[in-house]
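Novice: For the record, the sequence lines run as chains A and B.
Sequence positions in the first sequence follow numbering that gives the first Met the number 0 and run 0 to 440.
Sequence positions in the second sequence follow numbering that gives the first Met the number 0 and run 0 to 440.
The hints are simulated quantities; they were obtained by calculation from the structure and are not laboratory data.
Note that identical chains are pooled: a pair holds if it fits in a single copy or bridges any two copies.
Result set (DSS-like, lysine-lysine): computed pairs, CA atoms no more than 25 Å apart in a straight line:
1) 382 x 345
2) 139 x 154
3) 101 x 399
4) 260 x 154
5) 154 x 257
6) 101 x 133
7) 80 x 38
8) 76 x 56
9) 58 x 38
10) 76 x 16
11) 58 x 69
Residue strings, one per chain:
There are 2 protein chains.
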Amino acid sequence: MVGLDGWKRTNMLGEIKKGLGGREVIVMGFVRETRDIGKLRFIILGDITGNAQVLLKGKEEIARFGDFTKESVIAVKGTVKENLEVVSGAEIVPSDIRLITKAETPLPIQVYGRTDALLDTRLDWRFLDIRKPKNALVFKIETTIEMAMREYWIKNGFLEIHSPKLMGAPSETGADLFPVVHFDRTAYLAQSPQFYKQMAMCAGLDRVFEIGPVFRAEPSNTTRHGTEYTSIDMEMSWIESHEDVMEFEERWLVHVMKRVKETHGEEIRKMYGVDVIVPKLPIPRISFNEAKNISNKAIGKTGADDDLTDEGERVVGETINRKDGSEFVFVKEYPWSKKPFYHMRKEDDPSVTKGYDLIFNGVEITTGSQREHRYEVLIHQAKEKGLSLESVKFYTDFFKYGVPPHGGFGFGLTRLIKQMLHMENIREATFAFRDMKRLFP
Amino acid sequence: MVGLDGWKRTNMLGEIKKGLGGREVIVMGFVRETRDIGKLRFIILGDITGNAQVLLKGKEEIARFGDFTKESVIAVKGTVKENLEVVSGAEIVPSDIRLITKAETPLPIQVYGRTDALLDTRLDWRFLDIRKPKNALVFKIETTIEMAMREYWIKNGFLEIHSPKLMGAPSETGADLFPVVHFDRTAYLAQSPQFYKQMAMCAGLDRVFEIGPVFRAEPSNTTRHGTEYTSIDMEMSWIESHEDVMEFEERWLVHVMKRVKETHGEEIRKMYGVDVIVPKLPIPRISFNEAKNISNKAIGKTGADDDLTDEGERVVGETINRKDGSEFVFVKEYPWSKKPFYHMRKEDDPSVTKGYDLIFNGVEITTGSQREHRYEVLIHQAKEKGLSLESVKFYTDFFKYGVPPHGGFGFGLTRLIKQMLHMENIREATFAFRDMKRLFP
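Turn these sequences into a full structure, and let the hints steer you where they fit.
Specialist: Here it is in structure tokens:
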């Protein structure tokens, strides 16, 4: 069918419940399953809000309305009948059914019920994979998270910006860049909106946020890295130090986690078997040195002395959770040797930055800091890190004509979701994942 | 200074008004201007909310607080004094002032007052250019627009998605693509989220929206095109035809324009000299043929018979505005010859698509349509347009396993702002513009 032939949807399938008995409805959805029991045919019809049962009685009716392959799309006109044997307490007795598009058989992966398809196969058929309510829930949660974030920001005087993803020069280290053929030149894909959110501070926009894609040409293949992901970024002016950024972040996070719990807490418990826990403030803060000691004590020396390994982050998360009952922990004052040139260093110990990471259930989800806003110091730090002053000149120029002390953070949207739902792989939290090997779908 | 040395901002400068007399405040901002009159020095201090006057009395005080170059960043502690000679009705008499960062002189472009710098020079120093309240207003409006859009969508059951910008194959025509060096392969930057918002429909997400960057390697240099811009996209399932999409769009647009008018109407009138007009519904709808006739009558034949030129859009906009008093007009049922393969064609006249454009003050800001969801027809249309079936296979596969009738639109954020504020150039509505030649800042 081309359209709906004049039918208009009256209800979502999740609304077909006890209490709606006798109502005439038109519903639309995917045929999840059909089952014949004696002379009855049960159709489980699904949409984004849930499933409902459609009951066909007798051979004649079954013949009249036709046979539907799994995942075919149909529209049903009928009457709601309360039925306590159905989980939702009601089913639909149809007066008419229209087949809109018939699904080919067999389905490449199973949609209804458990599937044993490998993750890679599921990602190949991601549009079918997302039809599973458990997977679709991710995008409901994502929508709620982002809206709650923006609400909190806007209430606090932040402006939304969209910074360019085509860069004339690298935004971070210069490593892991994707080159773009840009007419007669080479451009690069932005690894972060860092330079541009700082430009916004130098432009007097006071406080800004951005939610958008960033690109990292990392040839790694892990459960927490992708070559493209959604970065959540903010930057605020007039701070005393990175402590102000952390204080903002934790209040913002409480607002977001509360909203997720209120809106989806029950569904998350049902589908993922986990509780959404709103963090108690203040979130524990430990220094990098303390974190490193915890890691060394628990798992012995791993990685460089100035860095925390993935495994190190995990045991730090576990230890703090056991000790303080917090899923979140701020690890602050990372060594300068491991942080980018634009982080500010401590006055009394320049080997240490005014930077921090936020660890959630053992995985880093945020990196934040106060930024170095003093032109001469910034130039000095860029030199110390071996950067070409020419390539960062457009950025360092921002700091010549008056700039407020400022700081901010970058936050991984899909990492937040992965850690919140105790997922094993960030691919499950991404609409269409990108890594070294995957460019489809 | 490194931080604020214990000072905390109590007020934004826009709040320093009559009624606040006697209040002790700490404010922070950019020195817009200093003026000496006799023994008095007036400092105009600005932040994102507005300007306030700081008054230094006598040589001793002037000497104590120092001399500030224009655009230097300072913090001021003082008492608000009502003064009817100041526009805001109040000024600040400081007890202490701290210089945070001193601006170099001279400024590359003037920030306070009128500037005669060329647009290109202003864009080179965009962070200074945005310090002008008229230019900063764009980002306040943008924030309001996007939030209003999302609110309306979410109230209507839409989910937010983030589709990949790294594509394994072209999303639209195959022309104007930016190639990306993607490890051992070539990837392309997404020209639109088209295939992915349709994937969301095939995934049963029902209704989705996305606000994000798109990339067009167009070697053009106009006042309305960029190589990267923020695209506003939505897609909805269970439509009868493109008419449902237009009906949704116009209600959504009314919600957005109303919000802009309420929030910024007065400032827009003051700074841009234009009124924000909330469209009356229904927005006039004319067919492509009617539009072409209007254009031909007004300016003679221009461009191809199956297309409306920029000039044609302008006169169509003007004509409808004169006739119906509407700044907006839907032009619908464009010729199939000019539209992409995924647009649905009319049953009774396959030379015509179920597609439309929305013209705002003479410039196209939206293209929408019902999409072809019938697998065989889609394949046929792809062939007819000369596409390689192999390169779009990942997309056409979406339509094999049940899909609701659906449609949607893409909408240019900066074009909306440009047309709303009667700007001459889309560059003025963009945070950091990108075109063939510009990759900095």
